[in-house]
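The lines below spell out each chain.
2 protein chains.
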Amino acid sequence: MKAVFIGSGNVATHLATALKEKGIVIGQIYSRTLSNAETLGRKLECPYTSDMHDIITDADIYFYALKDSAFKHFIRNFDMPNAIHVHTAGSIPISEFDGFATKYGVFYPLQTFSKGKAVDFSEIPICIEACNSEIQMQLLDLAKMLSSKTYFINSEQRKKLHIAAVFACNFTNYMYDAASQIMEDSGIPFEIIQPLIAETADKIKTMNPYTAQTGPAVRYDEKIIKKHLFMLIKKPELRKIYKLISKNIHKRHSENNRY
Amino acid sequence: MKAVFIGSGNVATHLATALKEKGIVIGQIYSRTLSNAETLGRKLECPYTSDMHDIITDADIYFYALKDSAFKHFIRNFDMPNAIHVHTAGSIPISEFDGFATKYGVFYPLQTFSKGKAVDFSEIPICIEACNSEIQMQLLDLAKMLSSKTYFINSEQRKKLHIAAVFACNFTNYMYDAASQIMEDSGIPFEIIQPLIAETADKIKTMNPYTAQTGPAVRYDEKIIKKHLFMLIKKPELRKIYKLISKNIHKRHSENNRY
Numbered sequence: 069m070k071a072v073f074i075g076s077g078n079v080a081t082h083l084a085t086a087l088k089e090k091g092i093v094i095g096q097i098y099s100r101t102l103s104n105a106e107t108l109g110r111k112l113e114c115p116y117t118s119d120m121h122d123i124i125t126d127a128d129i130y131f132y133a134l135k136d137s138a139f140k141h142f143i144r145n146f147d148m149p150n151a152i153h154v155h156t157a158g159s160i161p162i163s164e165f166d167g168f169a170t171k172y173g174v175f176y177p178l179q180t181f182s183k184g185k186a187v188d189f190s191e192i193p194i195c196i197e198a199c200n201s202e203i204q205m206q207l208l209d210l211a212k213m214l215s216s217k218t219y220f221i222n223s224e225q226r227k228k229l230h231i232a233a234v235f236a237c238n239f240t241n242y243m244y245d246a247a248s249q250i251m252e253d254s255g256i257p258f259e260i261i262q263p264l265i266a267e268t269a270d271k272i273k274t275m276n277p278y279t280a281q282t283g284p285a286v287r288y289d290e291k292i293i294k295k296h297l298f299m300l301i302k303k304p305e306l307r308k309i310y311k312l313i314s315k316n317i318h319k320r321h322s323e324n325n326r327y
Numbered sequence: 069m070k071a072v073f074i075g076s077g078n079v080a081t082h083l084a085t086a087l088k089e090k091g092i093v094i095g096q097i098y099s100r101t102l103s104n105a106e107t108l109g110r111k112l113e114c115p116y117t118s119d120m121h122d123i124i125t126d127a128d129i130y131f132y133a134l135k136d137s138a139f140k141h142f143i144r145n146f147d148m149p150n151a152i153h154v155h156t157a158g159s160i161p162i163s164e165f166d167g168f169a170t171k172y173g174v175f176y177p178l179q180t181f182s183k184g185k186a187v188d189f190s191e192i193p194i195c196i197e198a199c200n201s202e203i204q205m206q207l208l209d210l211a212k213m214l215s216s217k218t219y220f221i222n223s224e225q226r227k228k229l230h231i232a233a234v235f236a237c238n239f240t241n242y243m244y245d246a247a248s249q250i251m252e253d254s255g256i257p258f259e260i261i262q263p264l265i266a267e268t269a270d271k272i273k274t275m276n277p278y279t280a281q282t283g284p285a286v287r288y289d290e291k292i293i294k295k296h297l298f299m300l301i302k303k304p305e306l307r308k309i310y311k312l313i314s315k316n317i318h319k320r321h322s323e324n325n326r327y
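Sequences listed follow chains A and B, in order.
The numbering used here puts the first sequence at residues 69 to 327.
The numbering used here puts the second sequence at residues 69 to 327.
Don't read these hints as lab results, they were simulated from the structure.
To be clear about the criterion: a stretch of chain B counts as covered by chain A if any three or more of its residues have a C-beta under 8 Å from a C-beta of chain A, and this derived list gives those stretches: (1) 212 to 221; (2) 238 to 245; (3) 269 to 278; (4) 307 to 315.
Computed list of lysine-lysine pairs in DSBU-like fashion (alpha-carbon distance at most 30 Å, straight line): (5) B:Lys294 to A:Lys227; (6) A:Lys135 to B:Lys308; (7) A:Lys311 to B:Lys227; (8) B:Lys311 to A:Lys291; (9) A:Lys315 to B:Lys308; (10) B:Lys227 to A:Lys315; (11) B:Lys308 to A:Lys303; (12) B:Lys308 to A:Lys227; (13) A:Lys302 to B:Lys135; (14) A:Lys294 to B:Lys227; (15) A:Lys315 to B:Lys291; (16) B:Lys185 to A:Lys217; (17) A:Lys319 to B:Lys302; (18) A:Lys135 to B:Lys295; (19) B:Lys273 to A:Lys90; (20) A:Lys295 to B:Lys217; (21) B:Lys273 to A:Lys273; (22) A:Lys294 to B:Lys303; (23) A:Lys294 to B:Lys319.
Counterexamples of contact, computed for chain A against chain B with all Cβ distances above 12 Å: (24) Cys114; (25) Ser118; (26) His121; (27) Asp122; (28) Arg144; (29) Asn150; (30) Cys199; (31) Glu202; (32) Met205.
All values reported here derive from a predicted model rather than from experimental measurement.
Here a beta-carbon is modelled for each residue, glycine too, at the ideal position from N, C-alpha and C.
From just these sequences and the hints, can you work out the full model?
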């Protein structure tokens, strides 16, 4: 099986690397920026290009791992009817392929990838959707080579999953960043809080987050909340967030008011 | 060394258990609620009471692991001048002991404790403050028996640390809860998002949270943000949070605007 990657960002890098390790031939890397294509091409020891007219046409599967707007541009200009075309994005519905490909689907690994940090692909949930059941089974076989966690997720669900991921990953990381800002100001090393962060994430493996909720907001300890809001007076952005989230936690945990 | 615990909640349960494992005698558990005192007393095979006049007076150290308001009540009514008195709270300044004890300090384990879930105390940062250097060294020795991570943190810093912990633990857990609400509505099992949560927490062991920030808000992908806000229309609380945090992430990552 020969795969081409359109895109050379974090998702492309980690996914192409994992596929190559499982024996899939990476036939080519395309990136608009030659140096990016080259970096990944050299890493994977495969051809690369920054000219879309040079993209090879004999691959079995094309992975589109690029920004939503760029995706449309490519899929509309390609014509390889015998190959499977898949995108790797949480936010693009499968219907975007309509009229531009005959065999297509979605291959969405739900994880946060950073270039410098290796991840264990066998633990990454891969969400699959396809134009028909035959392609669905082919994508499932491919996903199962990489991971023990595979799911059929339709476009409507995937959109929701993407929002959920923004909360659980991006916004969570912002909470870490907020903590680090507050600590930095007082000369407290960030490492002190790392075990707390690890345990908070670990808890929800065995408890649902609703039950795991602790802190002044859930017991509505107004005295502490007021003290904290007063202390955040010089950080109006964080103060606003503190106030809003505390209010929401309290509301969600008030009796008969589980929204 | 004999210790008494005033309070039988999560902190008392985990801390007293860890101390007992290291050979400290737990002389007594006090709780206002007899059944709570009994539960922990039986677990630790030690005496317990719900009558504050029955609290033994010959212990070496008294741990106050209770709500801020209750703490004041106890420390004002106690008179064991030879013992060390410590509270375990993030939010109570050491000055609350002034005039009510001669040997005192703070013994604050920075972790989120749940009754049903064991934690490895050796990895928990213990933050110490004391009335003088002699007591400080005694508390440090005790802390080092339990954990490899000990810190001297003054009251001003501890207050800030407590706010940071609210962001990094309580608010983070609320982000998990928000994700689970969104997924539940679409029939997506919560387990799909657990590896993402684990990796998000793992990342900041080697990267600072500012650098680790990803998602539509940091690259200010307005199209996706607008789509997500539209999809959250039936969840106004989460929509408000999405909007505010996205704005803040964007602001923090805009050039020359690192607040």
